[in-house]
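Visitor: Sequences listed follow chains A and E, in order.
The numbering used here puts the first sequence at residues 1 to 211.
The numbering used here puts the second sequence at residues 1 to 248.
Wrong hints could be hidden among the right ones.
Not everything, but these chain E residues come out facing chain A in the computed CB check (under 8 Å) [stated by the list, open to error]:
1) Cys123
2) Gln152
3) Ser153
4) Ala170
Hints are computed from structural coordinates only; laboratory data are not their basis.
Where a beta carbon is used, it is the ideal one built from N, C-alpha and C, also for glycine.
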Amino acid sequence: MGEFTNKLVVITGGIQPNTEAMAEKYAAAGAKVVVLTETEAQLPGAVCYTCDIGVYEDVEKAFAAIKADIGPVDILIHNPAAACGKTLLETSYEEWDRIIAVNAHSLFYCTKQVALDMKERQTGKIIVFSDVAANGVVGNAAYATTKGAALGFTYSAARETEKYTITTSAVTPNSDATAEEVADTVLLLTSEAGRPFHSQAVKVFHSKLTV
Amino acid sequence: MGKLSGKFAVVTGAAQGIGAGVVKRFLEDGVDAVALVDLNLEAAEATAKELDPTGTRAFAFKCNVANPQDVERCFAEIIAKFGRVDILVNNAGIIRDRTIIKMPVEDWELVLKIDLSALFYCCKQVLPGMIERQYGKIVNMSSMGFMGSHGQSNYAAAKHGVVALSRVLAKEYAKYNITANAVCPAAVATDMITAVEPELLKKKMAAFPRCRPAEVAELAAVVSFLASDDSSFVNGERMIVTDGRMCL
Numbered sequence: 001m002g003e004f005t006n007k008l009v010v011i012t013g014g015i016q017p018n019t020e021a022m023a024e025k026y027a028a029a030g031a032k033v034v035v036l037t038e039t040e041a042q043l044p045g046a047v048c049y050t051c052d053i054g055v056y057e058d059v060e061k062a063f064a065a066i067k068a069d070i071g072p073v074d075i076l077i078h079n080p081a082a083a084c085g086k087t088l089l090e091t092s093y094e095e096w097d098r099i100i101a102v103n104a105h106s107l108f109y110c111t112k113q114v115a116l117d118m119k120e121r122q123t124g125k126i127i128v129f130s131d132v133a134a135n136g137v138v139g140n141a142a143y144a145t146t147k148g149a150a151l152g153f154t155y156s157a158a159r160e161t162e163k164y165t166i167t168t169s170a171v172t173p174n175s176d177a178t179a180e181e182v183a184d185t186v187l188l189l190t191s192e193a194g195r196p197f198h199s200q201a202v203k204v205f206h207s208k209l210t211v
Numbered sequence: 001m002g003k004l005s006g007k008f009a010v011v012t013g014a015a016q017g018i019g020a021g022v023v024k025r026f027l028e029d030g031v032d033a034v035a036l037v038d039l040n041l042e043a044a045e046a047t048a049k050e051l052d053p054t055g056t057r058a059f060a061f062k063c064n065v066a067n068p069q070d071v072e073r074c075f076a077e078i079i080a081k082f083g084r085v086d087i088l089v090n091n092a093g094i095i096r097d098r099t100i101i102k103m104p105v106e107d108w109e110l111v112l113k114i115d116l117s118a119l120f121y122c123c124k125q126v127l128p129g130m131i132e133r134q135y136g137k138i139v140n141m142s143s144m145g146f147m148g149s150h151g152q153s154n155y156a157a158a159k160h161g162v163v164a165l166s167r168v169l170a171k172e173y174a175k176y177n178i179t180a181n182a183v184c185p186a187a188v189a190t191d192m193i194t195a196v197e198p199e200l201l202k203k204k205m206a207a208f209p210r211c212r213p214a215e216v217a218e219l220a221a222v223v224s225f226l227a228s229d230d231s232s233f234v235n236g237e238r239m240i241v242t243d244g245r246m247c248l
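Throw the hints in and build the complete structure from the sequences for me.
Guide: In structure tokens, the structure reads:
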């Protein structure tokens, strides 16, 4: 019996390399893994629930179904990555609002679904994916902005959840980190050994960025 | 000749508090004209009249910054009147504090809209002209709240987003001689602070080295610096204005 045995892990943001690696590692460690995908999908080692995480009613329905089908969530991993690859001026109002909804609103929408259960059970782990883009990039304005918002959300959520022994941390990967390395970091942060990283944004990259 | 002579400025959320303080400082620093943008037109007009009794340099404009179409209309009116915008201060903001468990979805979305998305809407109106003239200064009001507080997940997300957005602006538009910076105060002596019960306020202020909030004028001075040519090589910064309370 490992510490992830039978734990329910929910990963948002659809199937991406990071999510594939996390699902594989959590499943290998005995966890039950759910991935929220916008359209129907399949992923080895995981069960996919269709959900548009940028729409509150969709999120409510998906988490109610997960709880009824499997049980309460032990580990929630926010990994939304909507982007349009445009500068601020090129980005339309619609693109901006959609990226805000998927990458920022979803953090609140999804956390709200699990926070009460975690509080009552006095246990839980929440991980938020930020990105080094939050330090400013050219040509991905909305995405970078939301990855800054992700940090602010993490720090506040950490303040609110810590008295219920829930740990909340962010990961800030750079593109030079492999999906395996990112997944290993997330598993560490959601293990008991990761408790000291509560309320921190953990950088996952090789290059000598000091910001 | 003040350091803002020859410049045309826009300040959002300018009817009161920090916004009104920034307008006052801009006028003292010689700005040619400043637009006081606010949802409350009457209050903005009263502030404009108080700060510029001659009615020749401060002008009030009604705008709901959460609505991109209204922002387009308002900035079109400002640009028609001034001819251009050299300085944009994105100051409008609200708070709706509740824990994540108790916070209504509407409160989360409204704070993200006004405190974050509105900056995007306003920047889009002024950037084309700034690029054309190869000159622009954007100052975005963030807050030390970006480091997160109990019951402020919406505000912290928005204000940390403002820091990131400022860095994006800095990196995307520096080549056009446009700078963008974020200002992060903690406590500022506005009506919001002075309404706090004195004993509680004293307790809260004990965490600050000089046991007091920033005066509005002290914050406005920082904004004016970032809006002037004195800050020509300061770009993408988060300017922390807390008297040493928060040193990051």
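Visitor: Double-check E/Ser153 for me: the hint is only fine if its C-beta lies closer than 8 Å to a C-beta in chain A.
Guide: holds (4 Å)
Visitor: Given E/Gln152 as an interface hint, is the shortest Cβ-Cβ distance to chain A below 8 Å?
Guide: Holds: closest Cβ of chain A sits about 5 Å from E/Gln152, inside 8 Å.
Visitor: Let me know if the C-beta of E/Ala170 comes in closer than 8 Å to any C-beta of chain A, holds or violated.
Guide: holds (6 Å)
Visitor: The hint names E/Cys123 as touching chain A; please verify it with the least Cβ-Cβ distance against 8 Å.
Guide: holds (6 Å)
Hint violations for this structure: none, all hints satisfied.
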